[in-house]
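Starting from the known structure of chain A, arrange chain B on it as the hints suggest.
Protein chains: 2
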Amino acid sequence: MVGQTGRVAAEIPPVAPSLSAAVENTLAAELSARRAELLAVDERLGVVADLLVDFIADGKRLRPEFCWWGWRAGGGRADPADCAPVVRIAAALELIQACALVHDDLIDRSETRRGRPSVHVAVAKSHADAGYAGDSDQHGLAVAVLLGDLALAWADDLFTASAHQLRALDRVQQPWRAMRTEVLAGQLLDVSMGAMATDEPGALAAAMTVNRFKTAAYTVERPLHLGAGLAGAQTEVIDRLRRYGVAIGTAFQLRDDLLGVFGDPTVTGKPAGGDLTEGKRTVLVAQARTGLAGTTALLADLDAGFGSADAGAVAAATAAIAASGAPEELEQRISALVADGLDALAGLPDDAATALHGLAVRATARRR
Amino acid sequence: MVGQTGRVAAEIPPVAPSLSAAVENTLAAELSARRAELLAVDERLGVVADLLVDFIADGKRLRPEFCWWGWRAGGGRADPADCAPVVRIAAALELIQACALVHDDLIDRSETRRGRPSVHVAVAKSHADAGYAGDSDQHGLAVAVLLGDLALAWADDLFTASAHQLRALDRVQQPWRAMRTEVLAGQLLDVSMGAMATDEPGALAAAMTVNRFKTAAYTVERPLHLGAGLAGAQTEVIDRLRRYGVAIGTAFQLRDDLLGVFGDPTVTGKPAGGDLTEGKRTVLVAQARTGLAGTTALLADLDAGFGSADAGAVAAATAAIAASGAPEELEQRISALVADGLDALAGLPDDAATALHGLAVRATARRR
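Here the protein sequences come in this chain order: A and B.
Quick note: the first sequence uses my numbering, first residue 304, plus one each step.
Quick note: the second sequence uses my numbering, first residue 304, plus one each step.
Since the hints were derived computationally from the structure, they do not count as laboratory data.
A couple of the hints might just be wrong.
The list cannot tell twin chains apart, which means a pair is met if one copy fits it or any two copies do.
[Claimed, not checked] No more than 25 Å apart at the CA atoms, straight line, and that leaves these computed lysine to aspartate or glutamate pairs for DMTMM-like:
{"no.": "1", "residue 1": "Lys-583", "residue 2": "Asp-407"}
{"no.": "2", "residue 1": "Lys-583", "residue 2": "Asp-643"}
{"no.": "3", "residue 1": "Lys-428", "residue 2": "Asp-440"}
{"no.": "4", "residue 1": "Lys-363", "residue 2": "Glu-414"}
{"no.": "5", "residue 1": "Lys-428", "residue 2": "Glu-503"}
Looking at chain A on its own, in the form it has when it is part of the complex (with noise of 0.2 Å):
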């Protein structure tokens, strides 16, 4: 059993390695019997499924391996002949997740996702490589909307279908609702955060909101419930696990927000004060602007360089957050999160709670 704080990344060993092996294994195989059923449809969908399975590939698997500790925490045992359904429902949860990304590129006219093209924009590439008939953007759109709705449609197909046959339905249909009634209410209050002004009375209150939505509940603290409910855990179990779902999660959202403002570019692999450049309606920036009430040159300087592509502006923008005491404010809440969240798995069994205590570093002390 763990409890304290201080372990660094360094020390967790990587966990649930047979997890890994077995949601791909899972993942190919709903995938390859898909696109046999879009062959069936025509055979020129072929290419369409192609496009799911090598954005599929790439995930990094966080939402599975908080699901497979819910389930492990919840009593969930490991042998792998007991492990089929929550490993299927782990993989439902990456195809989810293949929707989120798809159509959040969409609305966010990303060109990139994991240093590829995104797939509206790799789509409207090969359409007008093609030299094809009609707008190549609009082609781009219309196959990224259709794929994140298969992704979405075939998520519910293989939750449901699992869930069922372990006859647990009763048990996860709620959490499974939630989580996705949940991410989509705070990509939605995203977007709308987003057209408002900055200065919207208001909008620190919004993006902590966002961040309970569309980050803890939807990455930590429902992929755990999904997973215990399936073990069939006893409601303190749940509970425990989902007060450390929501603190973790809002933490590694709030480091994330410190990361794409002063992350190191050498490190993230992003450009320095990139959540800047994109305007992002991060609880940093809000909270920055708080923080800067009444000095007004420094917020000049943040609206300034607030959705920016100017290179100094962004400079001077990141600099007028760091005097805003925002970032210590952040590093303070996070650790207050990190302590809570770990003091939430008091009487886990060990090895969840173990694990569960890495994934916590490793999510709030990351530097990419």
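Relative to the frame of chain A, chain B by itself:
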């Protein structure tokens, strides 16, 4: 029992009037509960929920009607106390349809839907009118993508909960899975063919495949299959309903093709030759192209009017199609399909057979 053709639409009584009210009540209750979930995340999301409520209010409820008659044909009782699950699954079909239409309008860049601005257009306009930050069109796109995703996720939630409650998942999971993959595959093929040259080999076969999956399976065959499966129908009944569904659904789309070019604008409410202006890759156009092979001048007229906004060019293309023999070919095919569909009704319970006969006539002999 009915099996003969030749009844006219005017003789057909409105079917299942009580179903209609039950579906409306279920949709209202479901959307109200889901609206409350969005408001619990942030009160700003109320407007998003309202968008979906308004959009769904305008639906024609065609798929619920087929689902209902599948249920009745399969032995399901009309007693309100017994039919709550089929009504809920019928309502779920309307949520799927909301996703399909909202995303379709985005893909097709449609400005209007049922005489109102389409969702992405309405949201973009509100954004622009309010003077909000950022690109209004991109904001409209973002909300439309996410709203469609919500409708798709909520459809699955409603379906799964209802089927599970009735202990019917084993009977209806397969048609539910198939329906969603089929409609998305049909849409993807439609989009793919739109990028191909109009004289692409296999264009006629591909247009027929699009009809089969995007329209027939999704609109008629699978809703019937779901209703019948839910009622625990015999395999033979399901086979008959599916045969009817494929035939009538395909004929329905062929009638749509004819109305889209030859429909009377004063009756259809749509511009003459609308499908030509929009460059739709219909079976009618592909068939006309086949019929005109070797008739260089008429083929040139068809090509010139296809995708054109010029009324003269569209009229010339319409004349070329009329001269191609394709309309007669489609009328013959519709007659044969309707005969086959009605033939499949033999042996089904009287009220369901009568209702499905009426729906077949309404769907295939309509003038708008």
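Comparing the hints with the structure gives:
1. In this assembly of identical chains, the alpha carbons of Lys-583 and Asp-407 lie at most 25 Å apart only when taken from the same copy (13 Å versus 29 Å across copies).
2. Taking identical chains as interchangeable, the C-alpha atoms of Lys-583 and Asp-643 are never at most 25 Å apart, the minima being 27 Å within one chain and 58 Å between chains.
3. With identical chains, the CA atoms of Lys-428 and Asp-440 are at most 25 Å apart both within one copy (8 Å) and between copies (22 Å).
4. Taking CA atoms no more than 25 Å apart as the test, Lys-363 paired with Glu-414 passes inside one copy only; the shortest distance there is 20 Å, against 39 Å between copies.
5. In this assembly of identical chains, Lys-428 and Glu-503 lie within 25 Å of each other by CA distance solely across copies; the values are 21 Å between and 38 Å within a copy.
Violation of the numbered hints given earlier is confined to hint 2; every other hint is satisfied by the structure.
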